[in-house]
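A.B. asks: This is what each chain is made of:
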Amino acid sequence: MIYLQLFWEFFKTGLFAIGGGLATLPFIYEMQAKTGWFTLDDISNMIAISESTPGPMGINMATFTGFTVAGIPGGIIAVLGLICPALVIIIIISNMLEKFKDSKYVAYAMYGLRAASAALITVAVLQVARVAFLHYDVFQETGKLADLFNPIAIVYGIILYFVYKKTDKHPILYICISAAVGILLQM
Amino acid sequence: MNEYLDLFLTFARIGGFTFGGGYAMLPILEREVVDNKKWITQDQLYDYYAIGQCTPGVIAVNTATFIGYKRKGIPGAIVATLGVVFPSLVIIMLITAVLQNFASYPAVQHALAGIRVCVCILVLNAIVKLAKKALVDKITVVIFAAVLACSLFTDVQTFLIVIAAGVAGIIIKTILSKKDLEKAAGGEEK
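Protein sequence lines correspond, in order, to chains A and B.
Going left to right, the first sequence walks through residues 3 to 189 as our numbering numbers them.
Going left to right, the second sequence walks through residues 418 to 607 as our numbering numbers them.
Hints in this document: simulated from the structure, not taken from any laboratory.
Hints are supplied without guarantee of correctness; some may be wrong.
[Claimed, not checked] DSS-like mimics (lysine-lysine), calculated; alpha carbons at most 30 Å apart, straight line:
(1) A:Lys-14 <-> B:Lys-489
(2) B:Lys-596 <-> B:Lys-455
(3) A:Lys-106 <-> B:Lys-596
(4) B:Lys-546 <-> A:Lys-168
(5) A:Lys-167 <-> B:Lys-596
[Unchecked claim] Some but not every residue of chain A turned toward chain B, in silico, with C-beta under 10 Å:
(6) Leu-27
(7) Thr-70
(8) Ile-93
(9) Leu-99
(10) Ala-126
(11) Thr-144
(12) Gly-145
(13) Leu-147
(14) Asp-149
(15) Leu-150
(16) Thr-169
(17) Val-183
Predicted, not measured: the structure shown is a model, and the values here were computed from it.
The C-beta atom is built at its ideal place from N, Cα and C for all residues, glycine as well.
I would like the entire structure built from these sequences, with the hints used as guidance.
C.D. replies: Rendered as structure tokens:
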């Protein structure tokens, strides 16, 4: 029963992949080796599409895999399998937080967790910034410092920063504008 | 509007404009859920987000589940979670069915380059706000620096680093508050 199997494989991924979309990758490779549902080439294509479409990466990968294996029901079932464990776990944690919300130890843990969370988001931004503002691969080939920077992106980033600060509109608006600017300027 | 429908649509909007993983959705979440809908406070959002990073599953989905549950219990959690994954389901199936080489179109690449710059700026702004709430004293600054260094320069799994930071928070604060108590007691004796 392919649907049951899909659900189970993604249920396991959802239970053990901690920390965002890229954490699901090792599980997808393992699934490929075990089931042969899709090829290694499919996986690279899957990563490219997941990264270039909106939505959480883990969900995109599950949809792609499920759909490739068993059509529309397959896509839906893979995603349901992936989100099922987290849904249950988060509901349990929510309940515990509510119960122990006055406990000083919860407050102490959150004190450390928030600082860690800020650090992890900073790491993620640094990784995107490297691709967005630098031509690291070109620099590695030529070794010229001038090749390292992407001037259009840097200038646009600075302008956008001040425009955002000043106008403070919905973030989605800036995302749409930036997509258009990217196409117009051939970034 | 029916509150479940509102939950679903709001999270569908957030899912539909998240480019590049859970961290990229923080600015949109803040605007939609804290500023516009006032479903939760900024502090609560930061807490959910931090917990979402050390629990199994996709961070974006975990945060949606938290907020949905807070609003409307278990049905709310399910509706919000389905909302955040809905755009992915539709978009990915469409692209997979008709545009297998979607990612290699030049226009897509250029648009993504623009979006990446935008996401950096938006998230940078969100980090500054978060830092004001999270980095409240010297100890939190040290935890921040330690997590940053571990995550950039070691291969330790991220959720382990996050859990260690939570445990460090409990231990350090417990020791400090005991010291404070002793000090207070000592002061009274004199």
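A.B. asks: Each of the hints needs a verdict: does it hold here or not?
C.D. replies: Taking the hints in turn, this is what the structure says about them:
no.: 1; hint: A:Lys-14 <-> B:Lys-489; verdict: holds (27 Å)
no.: 2; hint: B:Lys-596 <-> B:Lys-455; verdict: violated (39 Å)
no.: 3; hint: A:Lys-106 <-> B:Lys-596; verdict: holds (16 Å)
no.: 4; hint: B:Lys-546 <-> A:Lys-168; verdict: holds (16 Å)
no.: 5; hint: A:Lys-167 <-> B:Lys-596; verdict: violated (43 Å)
no.: 6; hint: Leu-27; verdict: violated (12 Å)
no.: 7; hint: Thr-70; verdict: holds (7 Å)
no.: 8; hint: Ile-93; verdict: holds (6 Å)
no.: 9; hint: Leu-99; verdict: holds (8 Å)
no.: 10; hint: Ala-126; verdict: holds (4 Å)
no.: 11; hint: Thr-144; verdict: violated (20 Å)
no.: 12; hint: Gly-145; verdict: violated (23 Å)
no.: 13; hint: Leu-147; verdict: violated (21 Å)
no.: 14; hint: Asp-149; verdict: violated (17 Å)
no.: 15; hint: Leu-150; verdict: violated (16 Å)
no.: 16; hint: Thr-169; verdict: violated (12 Å)
no.: 17; hint: Val-183; verdict: holds (5 Å)
Of the numbered hints listed earlier, those contradicted by the structure are 2, 5, 6, 11, 12, 13, 14, 15, 16.
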